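Trainee: Here are the chains, one letter per residue:
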Amino acid sequence: MPSIPYEHGLILAAILFVCGLIGVLTRRNIVFVLMSLEIMLNACGLAFVVGSARWGHADGQIMFLMILTLAAAEVAVGLGLIIQMYRRFHTVDISVLSEMKG
Amino acid sequence: MTFDQMMLLLPLIIVTATPVITMLMVAVKRSHAVSCILTASGLLLALLSLLIVVRYPLQEVTPLLQVDNFNIFCTALILLAALAVTLFSYPYLCNLEDHQDEFYLLIAIATLGALVMVSSTHFITAFLGMETLSVCLYGMIAYPLHREATAQYPMEASIKYLVLSAVSSGFVLFGVALLYAQTGTLHFNDISVGITQGIADGPGSEYFVVASLLIITGFAFKLSLVPFHLWTPDVYEGAPLPATAFLATVGKVAMAALMMRFLSVSGVLDSPAIINVLTVIGVLSILGGNLLALLQANLKRLLSYSSIAHMGYLLIALMTIDSAITGDGSLGGEAVSFYLTAYVIMSLGAFGVMMVVSDSAHERDHIGHYQGLFWRDPWLAVIFTAMLLSLAGIPLTVGFIGKFYIFSVGVETAQWGPLAAMVIGSGIGLFYYLRIVYRMITPLDYDDPLPVAGIRDVISHGILLVLLVALVVLGVVPGGLMLLLESVVQSL
Amino acid sequence: MLEWIGLLPAFPLAGFLALVLTRGSLPRRIAGLIGVGSIGLSFLLAALVSIEFLGSGLDSHTQPLWTWMSVGTFTPGFSFYLDGLTVVMLLIISGVGFLIHLYSTGFMADDPGFARFFAYMNLFVASMLVLVLADNLVLLYLGWEGVGLCSYLLIGFWYDNPANGYAARKAFVVTRVGDTSMAIGLFLLFQQLGTLNIQEILTLAPQQWSEGQGMAVAAAALLLGGAVGKSAQLPLQTWLPDAMAGPTPISALIHAATMVTAGVYLIARTHILFELAPSVQLLVAFVGLATLLMAGFTALTQRDIKRILAYSTISQIGYMFLALGVGAWSAAIFHLMTHAFFKALLFLAAGTVILSLHHEHDIFRMGDMRRKLPVAFWSFVIGSAALTALPFTSGFYSKDEILLAALAHPQYGMLLWLGGVLGAFMTALYSFRLVFVVFFGRDNYQEHASHDTHHVSSAIREETGIAMALPLLILGVLSLFGGLIHVPVDAVFAHAGAHEETHPSQLIHTVMILVPIFGVMISYLLYGSRPYEKAGQHLRTQILNSPLGRFLNRFWFSGWGMDALYNFVFVKPFLALAQFNRRDVIDQFYTALAELARISNRALVLTQTGYLRWYAISLVGGLVLVIGIGVWA
Amino acid sequence: MIVIWLILILFVGGALAWASEALDSRLPRVTALIAMVFSLILVVMLCLDNSPDPLSPGGQWLILEKWSWIARFDIFMQVGVDGLSLLMLALTVFLGLIATGAAWHEITERPGFFYFNLLWTLAGVVGVFTALDLFLFFFFWEVMLIPMYLIIAIWGHENRAYAAMKFFVFTQVSGLILLVAILCLAYFHFVQFGRFSFDYFELQNVVLEGRFQMLVMLGFFIGFATKLPAFPLHSWLPDAHSQAPTAGSVLLAGVLLKTGAYGLIRFAVPLFPEAAADFAPVAMTIAVIGILYCAKLAFAQTDIKRLIAYTSVSHMGFVLLGVYAWNIYGLQGALMTMLAHGLTSSALFMLAGGLQHRYHTRDMGRMSGLWAKLPLMSAMALFFSIASLGMPGLGNFIGEFLSLLGAFQVNQVATIFAALGLIFASVYSLWVIQRVFHGPYHTPHGGSEPARDLQEPADLSRVELVCYGAMAIGLVWMGMYPQTFLAMAEPTMTFLLESFGEVLP
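Chains as they are written, first to last, in the numbering used here: chain A, 1 to 102; chain B, 1 to 492; chain C, 1 to 633; chain D, 1 to 505.
Next up, chain A with everything else stripped away, as it sits in the complex (with noise of 0.2 Å):
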């Protein structure tokens, strides 16, 4: 089976990025920020699978592995607070989050 050209993969990595990125810019609901999050960090995975394919060792895959967890721990942490959030704005509209300014 011919393997995928690696600049391929980064490729694919960037543009996932990208589409997460502007999904951090873009959405207003804190949930589909999150979400947006994920996938960036995916991206970062992706692109570190890819590498680890090119060299043939695992180092990338365990650095997949780590994000995996972080960005879980990280959405653990995101939606207890999204929870307090609507608790007390009841709305998921980040733009309610803009007391502090100047």
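Since the hints were made in silico from the structure, they are not lab data. It should be emphasised that the depicted structure is a prediction, and the values quoted were computed from it without experimental measurement. Even glycine gets a Cβ: it sits at the ideal position worked out from N, Cα and C. Some clues are possibly wrong.
As the list claims (entries may be wrong) - Some chain B residues judged to face chain A by a derived CB distance under 8 Å, without partners named:
1) 51
2) 158
3) 180
For this one, chain A is given, so just place chains B, C and D on it according to the hints.
Mentor: Chains B, C and D only, in chain A's frame:
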């Protein structure tokens, strides 16, 4: 892993054990005091264990962690700062209508993350450390979440920090992934070979520049350098004071040490493009931070802006640590280490004074709260003034020596632009630091009783005294520390 | 005796210190005694010193006291130098000074600032003595500035009237312009010759400079600047008429007899420099001529008795300058001396009149005073005669010498002489106008006073005691016979090249005798004669009413418009400039910088919107920027 | 050791003064006085034992001591006293006493902290005048600022916050430029000799190339010229002076300004002889502009303290002129101007402070004719105004005359313009006398007579009289026998000139 290597990791092990034991104690009996004491003793023990560590031959423990003089120095600094924050937290949290114990857990785990960061020479550990620190900080920042009156600020700060920090982590990760895909290694030392070649190659060097810049962007975010600084004031303001202090000291030290190690071994500083970028970021941070702080009335925000400027100063020294561009490369590293020490002392002192007069129910973070402090509580006022003057870089304080170091580095490497920015920035900086001093000497015409220092504040005042002594002693006779740092940096 | 000359200024200085340190707490008698006594001692000593010096046949005597400063090769000392010129000046200063002090005890008897007055006076005499005794130009400068200061203090003695203060400041500042020129002259001399010792300069200058060389001209011109300022010559004469705001004895001592002649002394002292710079010396002559004419015409139109005398002083010093300018050094000093006598006499007599009329200065509000104040009257007549140079008075001899010397000038002799003679005519005219209006005619004071509520007591005061009369008497004698004194300055000017004795024709002599007499007669016709009173008045009104007459009257009355001119050229622009930039533009610049920082702060703070999405965008934007710089820049 | 004692006495005295306030509010001033007297005794002892050590560099140093301090940068605690330093020390301590006298009755609020700041400022100044290690010098240079800032900011007048801030920012920013310049020098020592050095004597060996030397020299110049202050950098001074309490003004005008001039003589020229020579015409032009411009500004002021402040700038122009003439006349003239100006400006500020204390205004338009009521004070004002306008026989004349004499040797045009300053000086000095002390009696209390319930302000108190008397005697001494001072500075000046050449042909 040999026994020797095991012993080298003693501080890490102790700090790991601390939250575990504390958690177990919480399961047995919730007691604010006990949790605090346990955490503090754990940190203290870790600190003392450094005495043991230095008896063993320093070496790389697995490819992931490096224990050398620099690492030991940073570990000590972080542990001291964390210890101080822990002790400051106790009186602050006493009247919190919620469980206080978890805050200490978060401190301990965050410290662990920071310790991992300063020991890492490998992206896996670096990333692990960064994220451990960050995730704990989310919690610390949002800690007084259940207080109805003020809860939206910690929550807002935490969410902002969470999202932005995750984005910046994404940048770092993607950058690392790009490097990894090209070089096939995640170890700083090995990566440098690839980077040096890649950057030197000419065509295609943009790939490495972009990858490196992605990583640097992420680091710059954590150091809150312009233009990645916007989160800083909001997070500083929204977080409870101990969390702010922790973020401002441990957070910055860990990040700066990691960045220093990365820059010094990875070879990215060989690229003039990256030097240009760092110069621009440094100048912008110095000017932007100082200008933003100019008329700020909230002291937490003000100190956050000033931290932007201080990280800008630090960056001037940071970008010279690659020995390739300076004849005597150690000066940059020394300057960074010294400045970090100074910055930890000054920040802890400033936030410490604020913590002493505040509690979780009522934070005194407005400049007006400090009006007439000189006549209401001369002791605190003198400490606060000393800290502010040190931040402004006035002699007799450690801040002056720190600035002197940075200026020396700037002159040595002929960075006239950043030096000019530093002179201008210091001028602007004086204005807002002195504004606070002036408010403190302006008599107050109404009554605003400060909390009376009780028995539980003894430790806080003790720490403040220690900080003041350190500030002056290192400001007047810095020779010893300088010699120490010289040897520390040579191990890099 | 000669080694004691250090004590000459020390006596008055001690008097000054005593009066100042007791802060007016001494009784008047004691204060007066200290004030007059110290000058008396100085005079005695001066007389003894002079006798010994003149008897010893020495050319000069130097008495070093201490080294003032020693910087590199610059080592001026507190050293006093005595020669014939100094002796003359010493005697004039201490002698006339003593008489005026004595007079002042009467004149100032009722003044609350009695002790202060004598303190200043003593300080003045001390400074003046230092000025003439100095053996180097720096010490001379000390005396020079010292007398200027005392002049300032005494003009503004009655400080509660702002006009006096104005006059005092004007005097100080205008003379300071001259002084500054002189100071620059000193710098130049030191730079060129390496010393400021007067005798060394006079020896070195001819060796280093040829006649008419640029440096010599510059040095002489700069010194002339100082002399012109101090001696109230064109173009710096404007301060002297205003200086009459001070008490009259001051005008007599400082603004007639001594200080204003310091310029003459300076030029005479450094005459060798002027001889090296013929163009400047000629300038001196023409400055003198222009001043004497200008002041003469102005004096004719004044109404204030002291201003008339002030302009007359300016005019007479003009004669001295004329003498200096034609190289008649000893004639200048001679005239300086006789002028000191008769002008002091005139001022003191005027003081008596003024005091008796309760400080009335306007001559047209006086009249018929000769019966009420006989001593003053006779003093005035004698003084005016000497001033006018009527034959056989002291002024006759001195002025005669000057005019003859002027005539002998190789190029401009006739011009200078004619001008001098015209000046003499004017002198006769205005001085006897004064005599006739004040002492003859109708008593206008009573008339005015009866309408004037200011003068509660309209009675004319009697002439006061012996203290005021005696000085008048002595000065009167000196004014009449002072012309017989031979000033012992020949040795001083000996090496200045002897002037050929010219033998002017008899016609010249006759003209010089007749012109003043003619002037007196005209004056009598216009102002004094009873029989032709109507005609005189008619003539006067006619002259005044003709357009030219009116213009000239106004023009001369204003002192040839010099005050207005200076006001317009210097004072107004300076004040305008001061007002225009009161707030210091430089400061505005720094304020603008601070404002810039504030504006940037406000602008930057706007970026801190608090919106998470904006923050995220800034992160990405920053990344793009950074990569942009890294990759493309 | 005597220098260390001097600094320690002041530091410790300050701390004691602060502490003693707890016992009695009158104790601080006594403590301060005692400390000042002790330091005066030390300085007088030094003056009496005025014998330079012939073995020291240049043979001019009375004291030269060195202790190691920061080994990493080869920074030493090196202090030295020569004639120049000693005169400056004498001036400092003397004016310190005067300032204590000026504050004696005026400072009633928080006296302990006040005298603490006063003494610490003086300690910093003493350090500046004795430090021979450039790092140590800079260290003290900055140390004196904070207490001065506090003096202005706490005990100052209505606009104190602004004035204190301006003072601090100006001096600090220029100080940082100075620091960069010092570091450049130290670094080039590293390049040329293999190690850092901040030693004054070693740094003289550093060779810098043309344009770079000029830039580094400019760094020094800006640092010192701001403190002096020279023309375009002067704008902090009127505000600081007019807002500072009397003792603060005395210290600022009398002592702090002199540190700038001292720095120029000691460091800015000798370390960079060639660049200084090239720069001299510019510096002299700046001096002349400063003399004339600030004299003009002084005349336009209505605030009496502002007026005196501008005259200070004007007078310091003569110092600048003298220094950059760089011959013995100019240098000695600059020195004498520094000393004499220290006394006159202090006295004038005390007078202005005295007026403000009595009439609660500094507006000259609101008072006049005070001679009638305050004859002693008026006489003092007259004396010091006249000294300030350069009357021969008093110290200022010697200074200005020698400065101009020296300047004339090298730059005639500048000297002639500078001499015009003498005329302006008479204009503004006499203007003050006229406005305030002469004319009909009038006070801010309205009318020609003060209101009944207001107490008639008293003439000089005994403390004030002693202060003025001492300063007046000092001025007469300087004017009549300046040799005392000139002789002390002579070896230093001669050495400087011999070693670093006459700057200009």
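Trainee: Work down the list of hints and note, for each, if the structure agrees.
Mentor: These are the hints, each one checked on the structure:
1. Taking 8 Å as the C-beta contact cut-off toward chain A, the hint placing residue 51 of chain B at the interface is violated, the least distance being around 33 Å.
2. At about 6 Å, the closest approach between the beta carbon of residue 158 of chain B and any beta carbon in chain A falls short of 8 Å, and the interface hint on this residue holds.
3. Proximity of residue 180 of chain B to chain A holds as hinted, the smallest CB-CB distance being about 4 Å (cut-off 8 Å).
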